[in-house]
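Asks: Protein sequences, first through last, are from chains A and B.
Residues in the first sequence are numbered consecutively from 41, following our numbering.
Residues in the second sequence are numbered consecutively from 283, following our numbering.
Among the hints, a few may not be true.
Said to hold, decoys possible - With a cut-off of at most 30 angstroms between alpha-carbon atoms, the simulated BS3-like pairs for lysine-lysine come out as follows:
| no. | chain 1 | residue 1 | chain 2 | residue 2 |
| --- | --- | --- | --- | --- |
| 1 | B | K370 | A | K64 |
| 2 | A | K200 | B | K342 |
| 3 | B | K536 | A | K247 |
| 4 | A | K263 | B | K300 |
| 5 | B | K505 | A | K247 |
| 6 | A | K247 | B | K295 |
| 7 | A | K247 | B | K445 |
| 8 | A | K64 | B | K476 |
| 9 | B | K374 | A | K64 |
| 10 | B | K372 | A | K64 |
| 11 | A | K247 | B | K535 |
| 12 | A | K247 | B | K565 |
| 13 | A | K247 | B | K527 |
| 14 | A | K276 | A | K263 |
| 15 | A | K395 | A | K276 |
| 16 | B | K372 | A | K247 |
| 17 | B | K300 | B | K288 |
| 18 | A | K200 | B | K324 |
Since the hints were derived computationally from the structure, they do not count as laboratory data.
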Amino acid sequence: MVLKQEMKSMTGNDAASYAALFAKPEVIAAYPITPQTTIVENISQYVDEGLLDAEFVIVESEHSALAACMGAAWSGVRTFTATSSQGLLYMAENVFWSGYGRLPIIMPVVNRCLAPGWNIWPDFQDSMAFRDAGWIQMYTKNNQEVFDTVLQAFKISESKDIALPSMPCLDGFIISHTTGQVQLPDAEEAYEFVGPYDDPVIELNIKNPWAFGAMTGPDQYGKNRKDLIAAMERAKSKIIDVHKEFADTFGRSYGNGLVEPYGDDVADLTIMSLGTIGDEAHEAIDRLVAEGLSVNALRVRTFRPFPEEDIVKFAKKNHKLLVIDRSASFGHGGQLGIEVEAVLKRNNVDTPVKKLIRGLGGEDVPYTKIMDDAKEALKE
Amino acid sequence: MPVTQKDLMNIPKDAMLKGHFACAGCGSALAFRHAIGSVADKAVLVVPASCASVYQGSGKGVAFNVPTINTAFAASDAVASGISRAMKRKGKDDVKVIVWGGDGSAADIGIATEIGACDRQENVLHVMYSNNVYGNTGGQRSGDTMIGARTATTPEGNTTPRKMVPFIMMANNARYVATASEAYLEDFVEKFQKALSFDGFKFIQIDISCPPNWRADSAHSVKIARLGVQTGIWPLFEWDRSTNKVVLSRPSKKYEAVENRLPVTDWTSLQGRFRGITEDELKALEEDTERQWNFIRKFL
């Protein structure tokens, strides 16, 4: 039976904050950066009003925001913070340290492009820079998915067999500051879904001292990294399982949790993308199909771990892929495009791939633009 | 509680097991053994990139007999903040969260993090063991390097005054600030335990000898540190926020008066890093030392 929920209007950042509130993290670090700021502002209010019983650490930088969460995670408590853009870059070494250190921290990244010049609008260059930092990365398409993904992230990351931090990503402003409808579950029922963090993946213990991160020779270091690679692989089925459990409990799903197909199973052209472009593509497809064209979509919801099997399976039966990225890897196209090409090649799938970069620095990507790009791709 | 020589000989717990990688004559390892050993059954250590991240040993043979978290260079006081907050959540307020790191992190790259933790009054003790150099990377100048010292990046002698982190911590309203010396371990352990009795952010800078980077005889480690106090180069004091007063520590009292101090060359001549120091540099070093004393005198 699907639990009863209440429809509310809220921004994407509100949705992320509610998910955090319901999961009851015990240590939260806060540092402002546009467009993330309202998430930690909301949480400061929850703590002040007594809605959330937690330590709220108002740090002096993003570097310290993540470091404080790391200290708390090593101590075995549930932790949360959020950031954007330059802030994410400023915490860089700790992003890797916590990913490679297997600390299950939840940190939404409200995507914003990188300076120069000063621009607060969205693209994915910030989180893409950390795609190999050992974090689970999930890109969301709307406010509802933000809530659902942040809630699921706690359950995925804190599983003992996974023990990886999660970075739910949401397009700055398009999601973060835009009001939309969100089905909000009862707080306690949401908490029940996540469950208490009473069997932590790691916990400092003065009675049984151990050192974390001491000098490690090549043999052990390599073993640790291989463990991380294996955990990231296992995360695929964990994401699917948690997503399924969530769907059974709350009645919402996004494909299988890794990828979300849209439209016909087979089409002349498949539009692949991340985040809100994936949502906008639905509108484009409906109109293109109404015009008699054959177009479907596959939105990549989980970028790390990379859902190779699902993408290959979908690409194999389709005729042409149009991958639209909101970030660039210089000399190669966009990151999603590159990886799609790579996994197709690796699996001997010869479906042609066209790569486009759209929406950098908040450039608008309306469905009309996607329709034009799709028509162009179909002609080639 | 006064700490005696006898107390030093009876460390409650051996915090430094066999298999550590410290250099011969390392003052930091010596200070560690006595200070951390006195609280080892209730301490959690946070170690930024530093000699301590190396001398704790490796793999299953780690020599620190205390839970230890190694962090990025600039991250330790924020990690310590997170641990302290988490311990509070768990009702384990009695756990002592101690940052143990060198002057590279405390005076330079991590100073913003340190001031941040101080500003928030996190329940953390930061011990800065100070060899006035980036020791672990081969002896480059740090903000804590004194005038005239030849380092890997100041081969002709450092020209800038010492960055006095204890004063910075006083200005930022730490709960308790002290300086200490490897040569006076009773005094150090006493300050260490006193610091841990306070809630809030505490800071101790301990002057330790670094024979390899100071190009000194490892047998002279303690002797050089003692001369550092006796020449007035390193004033030992405590400052308590509740009184806003500096109290000169017993080993240093006599040396406030310039005429009682041993000649600075007694101290420099034992260290290869001062070989070739000029008269002008010596004068500048003495002036910078006096600048520190003058700062302290304002709080006496």
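Asks: Looking at the structure, which of the earlier hints fail to hold?
Replies: Those not satisfied are hints 3, 5, 7, 8, 11, 12 and 13.
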